[in-house]
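Enquirer: Using the sequences plus the hints, can you model the full thing?
One letter stands for each residue in the lines below.
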Amino acid sequence: MRVAIVNYGMGNLASVCRALEYLGAATTIADHPAALSQCDRIVLPGVGAFGEGMARLQAGGFVEAICRLVKEDTRPLLGICLGMQMLAENGDEGGDTSGIGLIPGRVSRLDKLGCSLRVPHVGWNDIQFDATDPLFAQIPQKSDFYFVHGFAFNPESTGSVTARTDYGVPVVAAVRQGHVFGTQFHPEKSSKVGRRLLQNFLDYRPC
Amino acid sequence: MLKVRVIPTLLWKEFGLVKGVGFNSWRRVGPVLPAVKVYNARDVDELILVDITATPEGRRPDHESVADFASACAVPLTVGGGIQDLDSIVTLLHAGADKVAINTAAYQNPKVVNQAAARFGAQCIVGSIDVLRHDDGRLSCFSHCGTVDTLRDPVAWARELTDRGAGEILLTSIDRDGTMSGYDMDLVQRVVHAVDVPVIASGGAGNYEHMLAVVRDAGASAVAAASVFHFTERTPAEAKRALSAGGIAVRQELSIF
Amino acid sequence: MLKYCKHCVMPHTKPDLHLDGEGVCNACRAYEGRREVNWNQRRTELLEVLERFRGNASNWDCIVPVSGGKDSTYQVIRMLQLGMNPLCVTATTCDLSAIGRKNIENIKRFGVDYIEFSPNPVVRAKLNRIGLTEVGDISWPEHVGIFTIPVRAAVQFGIPLIVWGENSQNEYGGPAAAAQDSVLTRRWLEEFGGLLGLRVSDLVATYGIEQRHLIPYQYPEDEDLRRVGVTGLFLGYYLPWDGLSNALIAQANGFTTTEQAVEGSMVNYENLDNHQTGIHDYFKFLKFGFSRATDIACLHVRRGRITRQDALEIVRQRDGKFPWTYLGKALSDILEPLNMSIEEFVKVCDQFTNKKIFRRDGSGQLVKDRHGNLEKLNYDNP
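Chains as they are written, first to last, in this note's numbering: chain A, 1 to 207; chain B, 1 to 257; chain C, 1 to 382.
To be clear, the hints were calculated from the coordinates, so they are not data collected in a lab. Some hints here could point you the wrong way.
Claimed, not checked - 25 Å max Cα-Cα, derived DMTMM-like pairs, lysine to aspartate or glutamate:
| no. | chain 1 | residue 1 | chain 2 | residue 2 |
| --- | --- | --- | --- | --- |
| 1 | C | Lys3 | B | Glu64 |
| 2 | A | Lys142 | B | Glu64 |
| 3 | C | Lys347 | B | Asp43 |
What the hints assert, rightly or not - For the chain A half of the interface with chain B, some residues (derived, Cβ under 7 Å), not all of them:
| no. | residue |
| --- | --- |
| 4 | Ser116 |
| 5 | Arg118 |
| 6 | Val122 |
| 7 | Val148 |
Unchecked claim - To be clear about the criterion: a stretch of chain A counts as covered by chain B if any three or more of its residues have a C-beta under 8 Å from a C-beta of chain B, and this derived list gives those stretches:
| no. | region |
| --- | --- |
| 8 | 12-23 |
| 9 | 39-53 |
| 10 | 123-132 |
Yeah, the Cβ is synthetic: ideal placement off N, Cα and C, and Gly gets one too.
Expert: Below is the structure:
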């Protein structure tokens with residue numbers, strides 16, 4: 001099982017690598033799009049701002065490659081945190097910016113979504129997820145995952161939402177469209193349940 | 001709902017971990033790596049690692065060592081000490097830090113906070129404030145590892161840091177540090193009420209009641225502690241159980257795996 | 001770069017060591033301070049404390065934790081000379097050597113009641129491995145046992161006074177000396193135990209050791225300690241402590257040494273009982289840049305027996321060598337109960353090495369000679 005981790009200059013690659021390798025996967029840091037094709041899975045990590053992230057992703061030629069691999073080759077993809085947010089069509093951070101567009105929806109600041117608690121949302125929060133989603137197999141409901149974000153993804157279709165957390169208002173914790181997955185939280189930083197989720201992503205078989 | 005975090009703090013000086021009282025008389029307690037490994041094995045909520053000689057020595061963060069420590073650390077890691085510019089932050093994040101804490105640089109060049117938040121996101125930038133309560137009760141912020149009185153008021157400074165984009169405030173009481181006599185409740189409460197970001201209380205924790213009080217009564221979002229975890233039999237896991245017994249939501253250990 | 005004491009050869013990386021304005025370390029200063037000490041006064045104090053605790057014929061006067069080494073041999077001799085009836089307690093070491101066994105039997109022949117408590121060796125080997133891989137200290141379970149086992153014995157046998165040898169803190173005589181007879185509560189253990197943060201509770205929660213296998217490592221409850229009034233003192237505070245003097249007295253009383261200086265050390269009269277000591281000492285070198293030869297050289301420089309220059313040369317030759325053997329036992333044999341290959345051992349070594357103090361090549365890799373030995377960046381101040 002070879003996992004390509006997109007390197008566009010933002011994101012804690014080492015943690016993601018280590019977590020996946022701990023689970024037995026072979027990892028490749030993909031510095032350019034060509035490196036993505038030899039892999040069975042793609043992970044799009046992300047720490048930072050939407051605008052900058054998209055700019056770098058575009059400049060690296062990754063947007064086109066990701067879309068092609070995901071749509072044509074049904075390559076499973078997992079976006080983490082900013083990586084998940086960039087799957088959206090649009091984002092507010094850094095001005096109205098286009099995302100990759102794999103999952104229709106918008107990324108907005110938490111307080112604009114009605115949250116009146118302290119922003120950013122930092123720390124461990126429990127999630128309620130869709131029990132049929134293979135990403136959450138063998139994970140107990142209400143498990144705590146590690147969140148650290150100020151913006152959240154609001155998909156157009158609630159059908160894309162596979163997990164929510166409560167932070168004053170419901171906040172989308174995970175999304176899915178076919179074999180494209182996204183988690184707002186950091187599974188690689190979320191202890192045993194996080195590793196279980198990553199294992200599920202590795203085990204996932206697109207039907 | 002969001003859980004309150006219990007965060008061990010590791011103070012790193014040159015070759016090893018130190019613990020001081022009132023930011024003085026640093027007592028060396030051993031190398032950093034074993035401590036990182038132990039807290040990692042205990043699966044703590046987060047870990048804070050501060051290099052306390054980088055700024056006094058005018059040196060950049062030691063990202064090589066940070067990379068070694070981060071490779072033994074699967075829990076969220078905040079690294080501080082000597083961060084002067086965006087390049088330092090890039091290398092630290094690349095080395096494995098999840099968040100960075102900026103202290104002295106912000107007084108000298110406040111714009112660095114804006115720039116860092118814009119580039120890396122507010123959630124990645126922790127504004128670290130060291131505060132001394134003078135004998136007359138006055139509070140002022142100190143830079144350079146608690147050696148230079150900036151004469152600034154912590155409440156105003158916390159507001160400015162968060163306005164500039166810091167996503168969290170790490171608030172440390174210099175006079176309480178290492179005394180294990182309790183957090184500076186008044187200080188924490190004032191800063192908590194002044195800002196809209198999470199505040200991590202630090203400096204003075206001596207028992208679980210102190211931690212419960214600073215969360216329940218002063219409104220801290222997280223508690224950081226060093227001496228109490230290094231020099232007494234108290235542990236982060238027990239601290240969380242005590243908080244939970246006091247009605248505070250904390251991350252529970254899952255026994256199913 | 002390492003900074004060294006101008007007087008001895010200890011580097012400033014040693015925990016709790018400070019170099020003063022003249023570049024002299026606090027251990028050297030403390031030794032100088034010994035000349036000011038009124039040893040007669042201290043001896044009188046010692047006799048007073050011992051008198052307070054000397055019991056009747058129905059119970060022992062004190063517990064003396066004993067390893068069989070030169071210091072504990074000396075301690076037992078002194079206690080008997082001072083008219084005490086000690087219960088000697090040995091917590092069997094991790095990998096007892098033949099010489100170690102001989103020296104334990106030697107002490108028994110002085111005429112003392114003696115308990116040897118040997119913790120489960122299968123569990124002990126697991127703890128050695130955890131200590132080594134998690135905190136870089138193979139002797140971690142022994143450090144715990146040295147405190148818990150005699151203290152448990154004190155509670156069990158209702159003997160309040162424990163007489164230790166030297167206080168590594170070098171600061172005070174111990175809680176028994178305090179007017180209030182302070183008890184060795186849990187807090188004392190945690191503060192002075194120097195356990196590198198790893199706790200017995202971690203073993204169950206994180207490493208899957210069963211609670212029932214950790215009984216010897218459980219410190220007694222505070223209420224039991226208070227009931228018995230368990231307290232302790234350090235002989236090294238009351239009597240001018242010197243390892244070589246202790247060795248001479250021990251030797252005069254049947255103590256056996258090795259033929260040559262022990263691997264990694266510069267003498268033949270200490271650290272003779274545990275084959276794992278070589279690994280323990282080596283990791284000190286990896287973490288801090290000094291090891292057993294430095295420790296001993298410094299002691300003798302302070303006492304004017306060798307010059308600082310001699311010390312530097314001895315350290316260069318013998319300190320911090322890769323521990324292929326210890327007391328003649330091969331590394332692979334020593335690692336066998338830990339289920340660890342030499343290859344894995346080297347990886348653990350590298351992980352705990354403080355790379356900043358050793359020579360590295362252009363790509364940042366540690367430079368090792370053909371025996372696997374590292375080289376420090378500097379062996380003295382520039």
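Enquirer: What hints, given by number in increasing order, does this structure fail?
Expert: 2 and 4
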